[in-house]
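K.L.:
Sequence:
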Amino acid sequence: TTVENKLIILHLKFLYINCKIILKMSYRRSKRIFDIVLSLLLLIILSPVLLLSALLIWITDREEIFVKEPLRIGMKGKEFKMYKFRTMIPNAHSEIENNPMYAKTKEKWIKHDGKLKISEDQRITWIGKILRKTDIDELPQLLNVIRGEMSVVGPRPMYMGEVNRYLAKNSLGRKYIKRTLRVRPGMTGIWQVSGRNEIKFKDRVVLESKYAAHINFKDDLKIFFKTPLVVLTRKGVYE
-13 TTVENKLIIL HLKFLYINCK IILKMSYRRS KRIFDIVLSL LLLIILSPVL LLSALLIWIT
47 DREEIFVKEP LRIGMKGKEF KMYKFRTMIP NAHSEIENNP MYAKTKEKWI KHDGKLKISE
107 DQRITWIGKI LRKTDIDELP QLLNVIRGEM SVVGPRPMYM GEVNRYLAKN SLGRKYIKRT
167 LRVRPGMTGI WQVSGRNEIK FKDRVVLESK YAAHINFKDD LKIFFKTPLV VLTRKGVYE
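Per our numbering, the sequence shown starts with residue -13, numbered consecutively.
Hints are computed from structural coordinates only; laboratory data are not their basis.
Quick reminder that beta carbons are idealized off the backbone N, C-alpha and C, glycines included.
Among the hints, a few may not be true.
As the list claims (entries may be wrong) - No farther apart than 20 Å at their CA atoms in a straight line, the calculated lysine to aspartate or glutamate pairs in the EDC-like style are these: (1) K94 to E83; (2) K94 to E81; (3) K221 to E184; (4) K64 to E148.
Claimed, not checked - Cβ-Cβ distance ranges computed for the label pairs, FRET-style: (5) M87 to I22: 42 to 50 Å; (6) E93 to V192: 31 to 39 Å; (7) K97 to R18: 26 to 34 Å; (8) K103 to R151: 35 to 43 Å; (9) N156 to L28: 38 to 46 Å; (10) I132 to M87: 37 to 45 Å.
Please take these sequences and the hints and turn them into a complete structure.
P.N.:
Here it is as structure tokens:
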């Protein structure tokens, strides 16, 4: 009968929705295992590159290997230190503010809202230019993945100031940020493979929020394999 058919259809829809929820939940759990295995594997394979990069950074000015920067905001709003190779001179921020040698760089820095091309920023060291152009400076984040602070694929980690800016905006902005913070931030993600710096911050927030809401293995795999191509083509990078 028509009533029975409707009940069957409703039952099938219910099963379909529940299957989707179960698959999403199971992937969220298995994603952590995938992250650990992949990051350990990449650390082993890339260890010569990482060690050589660290050595060249230290030889250049005998200063710290990792950059000192404000803490990032991770899953559930927890703060963490994101590891990244230092690509600039020591105390780069204070140097641009106080050293007359970097006056031209400061002018461009102010004009472009803190965004400078690699070729325009005098503070970037010779090894720093290589590391940035190849994205090798981001590889130490594999340590963050092993520590459980980051994922291989996920939203780009934000600073507290960026998070607060959107939390204070409106109900929609708060919704986007809170949804994004439900998942671990990633070394690569939808923002990186969609144009990086070509995308405005407000559009990035929406993009990453949608990713967090519909996180799945298929999309993560696509993003992961697109990343090397994006690195090679330098799409969305200030050079």
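K.L.:
Next step is simple, just say for each hint if it's right about the structure.
P.N.:
Hints, one by one, checked against the model:
no. : hint                     : verdict
1   : K94 to E83               : holds, 12 Å
2   : K94 to E81               : holds, 15 Å
3   : K221 to E184             : holds, 8 Å
4   : K64 to E148              : holds, 14 Å
5   : M87 to I22: 42 to 50 Å   : holds, 45 Å
6   : E93 to V192: 31 to 39 Å  : holds, 33 Å
7   : K97 to R18: 26 to 34 Å   : violated, 43 Å
8   : K103 to R151: 35 to 43 Å : violated, 25 Å
9   : N156 to L28: 38 to 46 Å  : holds, 40 Å
10  : I132 to M87: 37 to 45 Å  : holds, 39 Å
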